[in-house]
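*Asks:* Top to bottom, those sequences are chains A and B. Note that numbering that gives the first Met the number 0 numbers the first sequence so that position 108 is 107, with each residue one more than the last. Note that numbering that gives the first Met the number 0 numbers the second sequence so that position 73 is 72, with each residue one more than the last.
To be clear, the hints were calculated from the coordinates, so they are not data collected in a lab. Keep in mind it's a predicted model, so treat the numbers as computed, not measured. Note that CB positions come from ideal geometry on N, CA and C, so glycine has one too. Heads up, some of the hints might be wrong.
Stated by the list, open to error - Listed next, the in silico DSSO-like pairs over lysine-lysine satisfying Cα-Cα at most 27 Å (straight line):
#  : chain 1 : residue 1 : chain 2 : residue 2
1  : B       : Lys88     : A       : Lys49
2  : A       : Lys49     : B       : Lys185
3  : B       : Lys185    : A       : Lys82
4  : A       : Lys92     : B       : Lys125
5  : B       : Lys77     : B       : Lys113
6  : B       : Lys184    : A       : Lys111
7  : A       : Lys82     : A       : Lys109
8  : A       : Lys49     : B       : Lys130
9  : A       : Lys82     : B       : Lys73
10 : A       : Lys82     : B       : Lys125
11 : B       : Lys125    : B       : Lys73
12 : B       : Lys77     : A       : Lys92
13 : A       : Lys162    : B       : Lys77
14 : B       : Lys155    : A       : Lys92
15 : B       : Lys125    : A       : Lys111
16 : A       : Lys82     : B       : Lys171
17 : B       : Lys77     : B       : Lys155
18 : A       : Lys82     : B       : Lys184
19 : B       : Lys171    : A       : Lys49
20 : B       : Lys156    : A       : Lys82
21 : A       : Lys82     : B       : Lys113
22 : B       : Lys73     : A       : Lys92
What the hints assert, rightly or not - Just the calculated beta-carbon pair ranges, DEER-fashion:
#  : chain 1 : residue 1 : chain 2 : residue 2 : range
23 : B       : Asp69     : A       : Asp84     : 43 to 51 Å
24 : B       : Asp151    : A       : Thr37     : 47 to 55 Å
25 : B       : Thr79     : A       : Lys162    : 48 to 56 Å
As the list claims (entries may be wrong) - If you want the ones that stay clear, here's a sample from chain B, every Cβ over 10 Å from chain A, calculated:
#  : residue
26 : His96
27 : Thr108
28 : Arg124
29 : Ala172
30 : Val192
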Amino acid sequence: MRYSILSRRQLCLALIGCSLLVATMAVCQQVKRTRTGTVTAQTMELDWEKNVVIFSGNARLVVAGDYNADMTAPTMNVALSQKGDRIMSLVAKGPVSFTVITQPDANGMKRKIVASASDQATYSEDAQQIKLVGNAVADMMPIGGEATDAMHFTGQTIVANLKTNRLTVDNANLTVKTQTE
Amino acid sequence: MRKAVPIIIVVVIVALTLGLIYFATRPRERPMELPQPAVGQAPVAPAAKPEPMKNPQGVSVQGAEIEQRDPAGKVQWKVTAGGDLEFDKNAQMATGHDVVFEMVQQDQTPIVVKASEFQANYNSRKLTFTKGVSGRMTDGSAHFTVNHLVYDFDTKKLTGTGGAKFVQGNYKAVANNIVVDWKIKKVRMRGGVRFTKSG
Chain A
0 MRYSILSRRQ LCLALIGCSL LVATMAVCQQ VKRTRTGTVT AQTMELDWEK
50 NVVIFSGNAR LVVAGDYNAD MTAPTMNVAL SQKGDRIMSL VAKGPVSFTV
100 ITQPDANGMK RKIVASASDQ ATYSEDAQQI KLVGNAVADM MPIGGEATDA
150 MHFTGQTIVA NLKTNRLTVD NANLTVKTQT E
Chain B
0 MRKAVPIIIV VVIVALTLGL IYFATRPRER PMELPQPAVG QAPVAPAAKP
50 EPMKNPQGVS VQGAEIEQRD PAGKVQWKVT AGGDLEFDKN AQMATGHDVV
100 FEMVQQDQTP IVVKASEFQA NYNSRKLTFT KGVSGRMTDG SAHFTVNHLV
150 YDFDTKKLTG TGGAKFVQGN YKAVANNIVV DWKIKKVRMR GGVRFTKSG
């Protein structure tokens, strides 16, 4: 009889342990951030020896996740990792335009960046940055919150860091519009 | 005993008659006709007696298997059918069901294609795969599905049309058409390309 009671206790402990494990896994799944990237185009050419993909014809990249990005260009060249499981870089050629909704900053504020360049734009997955080259133009405006400042940048190159929500402009012109309520 | 003798004779005669009728009317298996060996040339008049191919070049149909060899005698591709492969000598066409197509390059089999329906046209020098067409790179790097797939003997390209889907790692691309060119190791997709990466 004593043996039977111990078995029940062990069973209860095992059930509690399993419940905790499942709960922990569920929390981890929620914390894990996922980002989905989709490219649409008229044609795609994959060189599976060099792990390079070339998109042409109204190429459009949409990234959804902790930030949202939308880039359009006539052609996009994507370099994949050696295993082909990661995007190492993306080069968009031609007139390029992109829109980014940044992740919230320390104050919880998101920003919308609308930018364009005449030559090309490069996107680095590791650095999480977009570099616009050639007559680069960018407008950055806050979304929500109390601040209503909007900034207009022009320069030869503009680098948008998606990790730090920071814009770097070479040969820059900066216009700040402040709206008062 | 003497009364039984006529009955035995009658039974024997009836049995012999039935046996003769059976052997005279039984269905006979027709020997399989072989295609003309020279691929790419105009079909020639059938030989008086079908013989196994002596020339290693060309196509051979052996039961449920077709293979194509290059001038050096190396296998370029092979199709194995789940059932019989039928060859129409006049139309220079072979058809089969539940086939496995193996492309052989440099003594390797880089691409394997499976399909429910198959047709080889030796006049146009093309293999056509339809219904449940799927292909995979044997190194496990990628696989694809498409509604209709054609292999060209000369260009060695696989051209697929309709509902093309190509998967490599955690990347998936869908489009209207797909071309797999093993010679230059490229996959081209055309028409409404959508390339997705998750994770």
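*Asks:* So, for every hint listed, does it hold in this structure?
*Replies:* We went through each hint and held it up to the structure:
1. B:Lys88 / A:Lys49: violated (44 Å)
2. A:Lys49 / B:Lys185: Holds - the C-alpha atoms of Lys185 of chain B and Lys49 of chain A are around 10 Å apart, at most 27 Å.
3. B:Lys185 / A:Lys82: This hinted pair holds, its Cα atoms lying about 16 Å apart.
4. A:Lys92 / B:Lys125: violated (38 Å)
5. B:Lys77 / B:Lys113: Holds. Lys77 of chain B to Lys113 of chain B sits at ~12 Å (cutoff 27 Å).
6. B:Lys184 / A:Lys111: Violated: Lys184 of chain B and Lys111 of chain A sit about 41 Å apart, past 27 Å.
7. A:Lys82 / A:Lys109: violated (34 Å)
8. A:Lys49 / B:Lys130: Distance ~32 Å between Lys49 of chain A and Lys130 of chain B Cα, so the pair is violated.
9. A:Lys82 / B:Lys73: violated (31 Å)
10. A:Lys82 / B:Lys125: violated (33 Å)
11. B:Lys125 / B:Lys73: holds (19 Å)
12. B:Lys77 / A:Lys92: Distance of about 43 Å is beyond 27 Å: violated.
13. A:Lys162 / B:Lys77: violated (52 Å)
14. B:Lys155 / A:Lys92: violated (32 Å)
15. B:Lys125 / A:Lys111: violated (53 Å)
16. A:Lys82 / B:Lys171: Satisfied, since the Cα-Cα distance of roughly 15 Å is no more than 27 Å.
17. B:Lys77 / B:Lys155: Since the Cα atoms of Lys77 of chain B and Lys155 of chain B sit roughly 13 Å apart, the hinted pair holds (cutoff 27 Å).
18. A:Lys82 / B:Lys184: This hinted pair holds, its Cα atoms lying about 16 Å apart.
19. B:Lys171 / A:Lys49: holds (18 Å)
20. B:Lys156 / A:Lys82: holds (24 Å)
21. A:Lys82 / B:Lys113: holds (25 Å)
22. B:Lys73 / A:Lys92: Judged against 27 Å, a Cα distance of about 44 Å means the pair is violated.
23. B:Asp69 / A:Asp84: 43 to 51 Å: Distance hint for Asp69 of chain B, Asp84 of chain A is violated at roughly 36 Å.
24. B:Asp151 / A:Thr37: 47 to 55 Å: violated (32 Å)
25. B:Thr79 / A:Lys162: 48 to 56 Å: holds (53 Å)
26. His96: holds (31 Å)
27. Thr108: Consistent with the label, Thr108 of chain B stays out of reach of chain A, its closest Cβ about 16 Å off (over 10 Å).
28. Arg124: Answer for Arg124 of chain B: holds, closest chain A Cβ roughly 25 Å.
29. Ala172: violated (6 Å)
30. Val192: violated (4 Å)
In the structure shown, a violation is registered for the earlier hints numbered 1, 4, 6, 7, 8, 9, 10, 12, 13, 14, 15, 22, 23, 24, 29, 30, in ascending order.
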